[in-house]
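Respectively, the protein sequence lines represent chains A, B and C. Straight run, no breaks: the first sequence in our numbering ends on number 613. Straight run, no breaks: the second sequence in our numbering ends on number 332. Straight run, no breaks: the third sequence in our numbering ends on number 1410.
It is possible that some hints are incorrect.
Capping the alpha-carbon separation at 30 Å, the derived lysine-lysine pairs in DSSO-like fashion look like this [stated by the list, open to error]:
{"id": "1", "chain 1": "A", "residue 1": "Lys-298", "chain 2": "A", "residue 2": "Lys-551"}
{"id": "2", "chain 1": "A", "residue 1": "Lys-446", "chain 2": "A", "residue 2": "Lys-376"}
{"id": "3", "chain 1": "A", "residue 1": "Lys-446", "chain 2": "C", "residue 2": "Lys-1303"}
{"id": "4", "chain 1": "A", "residue 1": "Lys-500", "chain 2": "A", "residue 2": "Lys-481"}
{"id": "5", "chain 1": "A", "residue 1": "Lys-319", "chain 2": "A", "residue 2": "Lys-205"}
{"id": "6", "chain 1": "A", "residue 1": "Lys-298", "chain 2": "A", "residue 2": "Lys-286"}
{"id": "7", "chain 1": "A", "residue 1": "Lys-367", "chain 2": "A", "residue 2": "Lys-257"}
{"id": "8", "chain 1": "C", "residue 1": "Lys-1212", "chain 2": "A", "residue 2": "Lys-446"}
{"id": "9", "chain 1": "A", "residue 1": "Lys-376", "chain 2": "A", "residue 2": "Lys-298"}
{"id": "10", "chain 1": "A", "residue 1": "Lys-481", "chain 2": "A", "residue 2": "Lys-298"}
{"id": "11", "chain 1": "A", "residue 1": "Lys-259", "chain 2": "A", "residue 2": "Lys-298"}
{"id": "12", "chain 1": "A", "residue 1": "Lys-259", "chain 2": "A", "residue 2": "Lys-319"}
{"id": "13", "chain 1": "A", "residue 1": "Lys-376", "chain 2": "C", "residue 2": "Lys-1212"}
{"id": "14", "chain 1": "C", "residue 1": "Lys-1212", "chain 2": "C", "residue 2": "Lys-1303"}
{"id": "15", "chain 1": "A", "residue 1": "Lys-479", "chain 2": "C", "residue 2": "Lys-1303"}
{"id": "16", "chain 1": "A", "residue 1": "Lys-470", "chain 2": "C", "residue 2": "Lys-1242"}
{"id": "17", "chain 1": "C", "residue 1": "Lys-1242", "chain 2": "C", "residue 2": "Lys-1175"}
{"id": "18", "chain 1": "C", "residue 1": "Lys-1242", "chain 2": "A", "residue 2": "Lys-500"}
Computed, partial: chain C to chain A, Cβ under 7 Å [as the list claims (entries may be wrong)]:
{"id": "19", "residue": "Asn-1114"}
{"id": "20", "residue": "Leu-1279"}
{"id": "21", "residue": "Arg-1282"}
{"id": "22", "residue": "Ala-1286"}
{"id": "23", "residue": "Asn-1290"}
{"id": "24", "residue": "Arg-1292"}
{"id": "25", "residue": "Gly-1298"}
{"id": "26", "residue": "Ser-1302"}
Just so you know, the hints here were simulated from the structure itself, not pulled from any lab data. In this text, a Cβ means the ideal position worked out from N, Cα and C, and glycines have one as well.
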Amino acid sequence: MALSLLSMQRISKAFGGIPALSAASLQIDAGEVHALVGQNGAGKSTMIKILTGYYRKDAGDIQFDGASFDVESPQAAQMGGISTIYQEINLVPYRSVAENICLGREKRRFGLLDWPAMYEDARALIARFNINIDVRQPLMNFNTATQQMIAISRAIGFKAKLVIMDEPTSSLDEREVGVLFDVIRQLKADGVSVIFVSHKLDELYQVCDRVTIMRDGQSVKTAAMADLTQLELIAAMLGRDIAQVSRHTTAFGDRTFQYQSGPEAPLLKVSNLRAGRKVLDVNFNMRRGEIIGLAGLLGAGRTETARVIFGEDQRQGGLVELNGVAFNPRDPADAIAAGLGFCSEDRKLDGIIPDMSVAENLTLVLLPHLSKAGIVDETAKAKIVETFIARLGVKCSGPNQKIRELSGGNQQKVLLARWLATNPDLLILDEPTRGIDVGAKAEIQSLINAMAKDGLSVLMISSELEEVIEGADRVFVLREGHSVAEFAHKDLSEQAIMQAMAYSEPATTAAGAAS
Amino acid sequence: MTQSITPTGSQGISKTIMNGLGRHGVVLALALLLLFGAVRYEHFLGLFNISTVLRYNSMFALVALGMCFVIMTGGIDLSVGSTAALGSVVAALLSPYGVIIGTLGGVFAGLVIGCINGLIVTRLRILPFITTLATMLAASGSALLLSKNQSVSVSYESGFTELGQGDFLNLPIPAIIAGVFYIIASLVLNLTSTGRTVLAIGGNEDASRLMGLRTDRIKFLVYLASGGLAGLAGVILASQFGAGQPIEGVGWELFAIASVVVGGTLLTGGVGSVGATLAGVLLLGLIFNILNFENGLGWISLSAYWQSVIRGLFLLVVVILQARLSRPND
Amino acid sequence: MSDLVQSAPNSRSFRWQDFFARHGTLIVLLALLVFNMIATPNFLSVRTLNVNLTQVATIVIVAVGMTMVIATGGIDLSVGSLMAIAGALAPLIFLGKIVHFGNIYVAVAVAMVVSVLVAGAFGWFNGWLITHFKIQPIIATLVLFIAGRGIAQVVTNGNLQAFKVPQFQFIGLDRWFGIPVQVIVMIILVAAATWTMRNTLFGRQILAVGGNERAARLCGMPVSKTKRWVYFISGICAGIAGLVVIAINSSSDANLVGLGMELDAIAAVAVGGTSLSGGRASVLGTLMGALIIQLVRFTLLANGIPDAAALVVKAAIIVAAVWLQRQNGARA
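Please work from the sequences and hints to get the whole structure.
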């Protein structure tokens, strides 16, 4: 039995009288990779933020490295040997790689910064990951995966004994995830412990030794990964019996698929589309009532393709046809007028307007139609809002609650309702279930299913293969800006899609890739 | 396998170009303006003219230096103008006790305002714009109260006026003071962790905090320094014009912001240069100087009012160029 | 993070801090009124009311436009200079220095419309800089802050234009139904802006653009157009305020008209509870904010405290008001 590095006992924390943690516990051994899982609101982030000095605990006891541990600031936690790699990489984009690695423990000579020594130090730390970059370049010149390596190098430079990774893979593609896992194993070999927070269960099994499952502010189960099936894990997260968890991992189970390639004219036809550096030669088509999956690694050009179709970015070549007519929206307003909708990937950045109410957020696109001579018809608006809150089962205290107070899943439902209310012909969904808990995910998936049954065409971009495989009538695979494969539903398998996504490694990928 | 990673795409390149033009563009423009003046006007590069321009603009240079640091953290300091006014009044009131006491008094008054700014911004977490807008009023009110609403004559016996009007090795003393502070500031920015932290905070404050940097302490120091420098500018003002001026300094803050922006420092913080800020101050200052010379030639007669129009146009050209160059991909 | 999101305000227990933070502006205003009724002699008179409203009217008129600008996440530093431009232009026209009009009423009408529209056009120019070149509002409007007053000075050659034209000066000197005309103008503008923010598509677009610009664009909203209109409106408001100021003074001095107005207006907006980060707007709050600042000054002056000290108190009020609102925002 390894030595215990960290032990958090009966930690409680409340915000404004509402408990976020009630007597939760977490125990990490030295040199272990420990998964921390739970639905949104289960208390994972609060637990981590207490450990890293961001919040103060109300009650409980923390032992770290053989001593009582009570930090009041992120600085103190970092000096104490706990480093955190956040979901959105928290480094300073304009500054050099070396500064990002060394700030806070700079090398000095005669009281002034010793730049050569700092560059050397940064290079040495980065070299552990078998990459060689110019550490004097600003951080923003590197891609996400490299930035993450830099963040980890920083943690190692601070002689961290415990590294916390909060959803570290959410913006990485599969190759990069592989590199990250190598790094984690290397940390482990050096005796560093890792807390790994992720919604992607497969990854936990690949890299973690043990798992602690949280629910409703408590730790409900801690077990070795090897002793726990995925189903048991999901059941513990949801607090249900195993029998209740459906055989399918997604909620597309009852979909009847149409995969005939008949003569019916396509609703949308994209040929040889080219735009920017990410979209080079994209071809696909979709018919009315179909769910089309767009698969590919991160950076394959899926989101970029969607943005061009929606008029947010401009086409530089190729042809987009809607109902057989050339379609060149100048801006999203044009696309919306033509019957399109686009539910973007990043809810916080591109979706919600945080200070506005659920009702306002829900009716944003519809507003021009709810207005006469520029004056909003509040009665008609209230009616629509009521209808959609009920139809999508949005959990909120009322239509006037601010959307930022809602959970991620409920925000996503409001955003879906925003587009459904416009009764579009074609809805583009970019990662519709990213970052939301398992329960809400299932609800949204069955909603997409139901919408398609009612004749809506859906273009679904998703990094979750099960979602695409179980949900889509046909799947197009993009690789580095090119359409490389089309699958009908009957031919779909994880194997086939993954092979198409990573068929070959063109020479051009060396720049900007991390492995 | 070790792999070399080059910065991705042209985004990096265009940013580099922008930074290059932002920093060196202003120096280039300054050089061109100097060349133009030197060729066109007889006494432009004469000792007297240079000395006059430097003496007058050293006050703005000090204020802009503090502003530059505040802006690099992503903040703003609107209080510098009235802080300078307050500093000039305090210095004038204390000038009978000698140049040292007068100077220290003026700087201390500035530090007090800077300290209040720093405390409100870091403790109460009120936006710098609002905070310094409020302290601008407070400093102005204090200056008027201390001076009983009129300008305060300085003592001519104590040698206080030497500070603003005197020369040392043929160089105006205020310019030497400003020069020393610019050198110190440049060293602090490039060679100390404090300086790098200033830039890190402006680049991404949350990240800096999570990286364990003492963001609040540095922000406090930056506002403190800005206040102190504005106070010092006020001391020079009083010394140079022989009176503490409670209503001077109106609009200095926005002029300082303009100089910093012309110098290529991003108003969002995270990128900045001390030297380019100085060039920005001199550039905007020289416009007035050149206007005078042009009128002196007698071919045209542009009133002094044109200088704000020309400065505005100049700022316009600079910000449009910056915006054009920094836009990615097109 | 998500844990915080779900801890919505606890509605069961009444927290006086919440109540105070939400209605702080109104409470402070009422407290000031009550204090004055007790402490200041002759406070409850039409004259006192008119004095205060007259003095506050120009700030409120400018602050109405500023509120809308700030709601889009922007700021307009050029309003003082635009006031100077409108104030310089109008006398040139109605005194017949540009074109001679036979009829003074025609001349005044043309002068008012043209000078206000010119100010609006400069506001539009601000909006164009901001939307077309993607320049930060604070820098873009700094251009006209610097150049605008220069333009006004150049146009008038820096001279004071004195005049006595009652047909024009009614907007600063006359009363209708016993109410000063500029106060009526102020009330109309406040009412129109409040109604616009609450009931129109344009109001919703302003808030959406300020709340999350990218999301607003993806929702098909005309982001650039909305911004340009908002700066245009701010310019119009500044132009009107410029006319009121010169009418009161019976003269126009390009060096002084609207000097420092941008910061007075921003202070009123901030005290009134509109967040400087955009996405929220309270026009009535702005009115109350301006009234608070004015009343404090009045109270201090009426009780023999010098104007300079009032500035210091004003500073404290701005900080206190914004701090209280922040407490509210942080908890909600």
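Hint consistency between A:Lys-259 and A:Lys-298 [alpha-carbon to alpha-carbon, up to 30 Å]
With Cα atoms ~25 Å apart, A:Lys-259 and A:Lys-298 stay inside 30 Å; holds.
A:Lys-446 and A:Lys-376 were given as a pair; does the straight-line alpha-carbon distance stay at or below 30 Å?
holds, 23 Å
Taken at face value, is the distance from the CA of A:Lys-298 to the CA of A:Lys-481 at most 30 Å?
violated, 38 Å
Are the Cα atoms of A:Lys-446 and C:Lys-1303 separated by 30 Å or less?
Within the cut-off at roughly 24 Å; holds.
Hey, A:Lys-470 versus C:Lys-1242, does the alpha-carbon distance stay inside 30 Å?
violated, 46 Å
Given the hint that C:Lys-1212 pairs with A:Lys-446, does the C-alpha gap stay at or below 30 Å?
Holds, at about 22 Å.
Given a cut of 7 Å on the nearest C-beta pair, is the interface hint for C:Ser-1302 held or broken against chain A?
With a closest approach of 9 Å, the C:Ser-1302 hint is violated.
Quickly compare the C-alpha distance for C:Lys-1242 and C:Lys-1175 to 30 Å and report which way the hint goes.
holds, 15 Å
Holds or violated: the hint that C:Arg-1292 contacts chain A, with Cβ atoms closer than 7 Å.
It holds, given that the least Cβ distance between C:Arg-1292 and chain A is near 5 Å, below 7 Å.
Under 7 Å is the threshold here; is the Cβ of C:Asn-1114 close enough to any Cβ of chain A for the hint to stand?
violated, 35 Å
Is the straight-line distance between the alpha-carbon of A:Lys-376 and that of C:Lys-1212 30 Å or less?
holds, 24 Å
Under 7 Å is the threshold here; is the Cβ of C:Leu-1279 close enough to any Cβ of chain A for the hint to stand?
Holds, about 4 Å.
The earlier numbered hints that this structure contradicts are 5, 7, 10, 16, 18, 19, 26.
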